[in-house]
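**Student:** Residue numbers (numbering that gives the first Met the number 0), protein chains in the order written: chain A, 0 to 113; chain B, 0 to 259.
Since the hints were derived computationally from the structure, they do not count as laboratory data.
Be a bit skeptical, because a hint or two may be false.
[Stated by the list, open to error] To give an idea of the chain B side of the interface with chain A (calculated C-beta under 7 Å), a few residues: (1) 27; (2) 30; (3) 58; (4) 67.
[As the list claims (entries may be wrong)] If you want the footprint, here are the derived chain A segments under chain B, 3+ residues with CB under 8 Å: (5) 25-36; (6) 40-49; (7) 100-109.
[Claimed, not checked] In silico contact screen, one side only, chain B against chain A (beta carbon under 10 Å); selected entries: (8) 24; (9) 26; (10) 33; (11) 34; (12) 38; (13) 51; (14) 53; (15) 63; (16) 64; (17) 69; (18) 194.
Bear in mind the structure is a predicted one, so any value in this text is a computation, not a measurement.
Beta carbons are placed, not taken as given, at the ideal position from N, Cα and C, and that holds for glycine.
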Amino acid sequence: MAAPLDSANLARACNEALVLACLRDGPMHGYQIGTTIADRGGGYFHFKHGTLYPILHRLEKDGLIRGRWSDEGPRGRRKSYALTRKGEGYAREQREAWVEFMDRFTEVVELEEP
Amino acid sequence: MTDFAAALRRIDSRLHLPQPARSRVILELAGDLEELYRHYRDTGLSEAEAREAALADLDASDEVLTALAEVHASGLRRSMDRMMRQAEAPWARALLLAVLVGVVVVTARAALTPRFMEDAGVFLWPVGLCLLAGLATGGMLLLRLQRFDVSDPAPAREPLDRLALLILAQGVIAGIGCWVELYWASGRVVDAGGQLAVHLFTWLIRCSALLSAGLGGALILAVVWFFASYRTAVIEDARAALLLTVPTLNDRPRGGGGEE
Chain A
0 MAAPLDSANL
10 ARACNEALVL
20 ACLRDGPMHG
30 YQIGTTIADR
40 GGGYFHFKHG
50 TLYPILHRLE
60 KDGLIRGRWS
70 DEGPRGRRKS
80 YALTRKGEGY
90 AREQREAWVE
100 FMDRFTEVVE
110 LEEP
Chain B
0 MTDFAAALRR
10 IDSRLHLPQP
20 ARSRVILELA
30 GDLEELYRHY
40 RDTGLSEAEA
50 REAALADLDA
60 SDEVLTALAE
70 VHASGLRRSM
80 DRMMRQAEAP
90 WARALLLAVL
100 VGVVVVTARA
110 ALTPRFMEDA
120 GVFLWPVGLC
130 LLAGLATGGM
140 LLLRLQRFDV
150 SDPAPAREPL
160 DRLALLILAQ
170 GVIAGIGCWV
180 ELYWASGRVV
190 DAGGQLAVHL
200 FTWLIRCSAL
210 LSAGLGGALI
220 LAVVWFFASY
230 RTAVIEDARA
240 ALLLTVPTLN
250 DRPRGGGGEE
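Chain A extracted, bound-state conformation:
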């Protein structure tokens, strides 16, 4: 059984899970993460790019992702993020926790239907 999600910080946990899930595909720039989530989410998870930075920096500080600067020629310097080994494990745990959460949520909502 997956560790239960902190329901008091559900929005934060959701945003973190979305970012970590994106990075499973490989390193990405901040703006790429935002556009990928928006594209895949079908409009459900369109959050402004600015809100991504506190999430990315917190994950980086916790050692779950690693930011790397690269010189992209005429485009200038860009920072990209990749999952660390610790982050891969955490992302897996988060995914399991969310699947469990969704199952429980659906169960409760269906039971309460008139």
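Based on the hints, put chain B in the right spot on chain A.
**Tutor:** Okay, now just chain B, sitting in the frame of chain A:
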């Protein structure tokens, strides 16, 4: 390169982070702004529209910038903030003021004796310099906070961190001074021989004088820090409340202008 300098300058002035973290955040934002601009240009928007869309999408709101500052705040600042929050009650502030007065009186009485400087030794100088620098920093900070208007930009927290470092420095210098004095005293015992008790007591007197100055000074600065932190927090809360209650330009109804 698109010119986002003015927008980045506005963000920079509102981003309360110490260097170099602030520069790194600005660089990252600049890079991503540029990419967002390209992205919107590729979708067929004009240069001006793409620029506006990229800036709107970035959303450098106060909430986002505060969240960023919190992520980058040092452990020292976080623990100091926690301590300061515990001193918000009027009785706690009165107690701190009493401690400050008591420490100032006791330290001043000890420091004003004719032998004190000689007893404390050479390490008294850096300890004293830290105290003076701390008093100057704390005094200027308290003065600035006292004159602060709620409509001014939020007060920077860097002077508080500097003050905290000076507090720490005083204690550390006094501690190191005691060890070095012990080493020198041991050398004198070996050289002179048979004077162990005299050198030991001289060292003890030196240590107590040095620690009185270092810890007393640190305590005085700590109380100043508490008051400055409290005042800063009050201003920050007032500014946050103002942001929530005063309508911004974007909140006002557009077009027409007249009330009907």
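**Student:** Next, verify each hint and record whether it holds.
**Tutor:** Going down the list of hints, with the structure as the test:
For residue 27 of chain B, the suggested interface contact is upheld, since its CB lies about 5 Å from the closest CB of chain A, less than 7 Å. The closest approach between the C-beta of residue 30 of chain B and any C-beta of chain A is roughly 5 Å, which is under the 7 Å cut-off, so the hint is satisfied. About 3 Å separates the beta-carbon of residue 58 of chain B from the nearest beta-carbon of chain A, less than 7 Å, and the hint is met. Interface restraint check: residue 67 of chain B against chain A, minimum CB-CB distance 5 Å, threshold 7 Å, status holds.
Here the region 25-36 of chain A counts 6 residues with a CB under 8 Å from a CB of chain B, which clears the bar of 3, and the coverage holds. Interface restraint, the region 40-49 of chain A with chain B: holds (3 residues with C-beta to C-beta distance below 8 Å; minimum three). Proximity of the region 100-109 of chain A to chain B, defined as three or more residues with a beta carbon under 8 Å from a beta carbon of that chain, is not established by the 0 residues found. The interface hint given for residue 24 of chain B is met, as the beta carbon of that residue sits about 7 Å from the closest beta carbon of chain A, less than 10 Å.
Interface restraint check: residue 26 of chain B against chain A, minimum CB-CB distance 6 Å, threshold 10 Å, status holds. This hint holds: residue 33 of chain B has a C-beta 7 Å from the nearest C-beta of chain A, less than the 10 Å allowed. This hint holds: residue 34 of chain B has a C-beta 5 Å from the nearest C-beta of chain A, less than the 10 Å allowed. Here the hint on residue 38 of chain B is kept, as its CB sits about 7 Å from the closest CB of chain A, short of 10 Å.
Against a cut-off of 10 Å between C-beta atoms, the interface hint on residue 51 of chain B is violated, since the closest Cβ of chain A lies about 14 Å away. Look at residue 53 of chain B: its Cβ gets to within about 9 Å of chain A, closer than 10 Å, so that hint holds up. For residue 63 of chain B, the shortest C-beta to C-beta distance to chain A is roughly 4 Å, which falls under 10 Å, so the interface hint holds. With a least beta-carbon distance of about 8 Å to chain A, the hint placing residue 64 of chain B at the interface is held under the 10 Å criterion.
Below 10 Å, beta-carbon pairs count as interface contacts, and residue 69 of chain B has one with chain A at about 8 Å; its hint therefore holds. A least Cβ separation of about 56 Å between residue 194 of chain B and chain A goes past the 10 Å threshold, and the interface hint is therefore violated.
Violated hints for the displayed structure, listed by number in ascending order: 7, 13 and 18.
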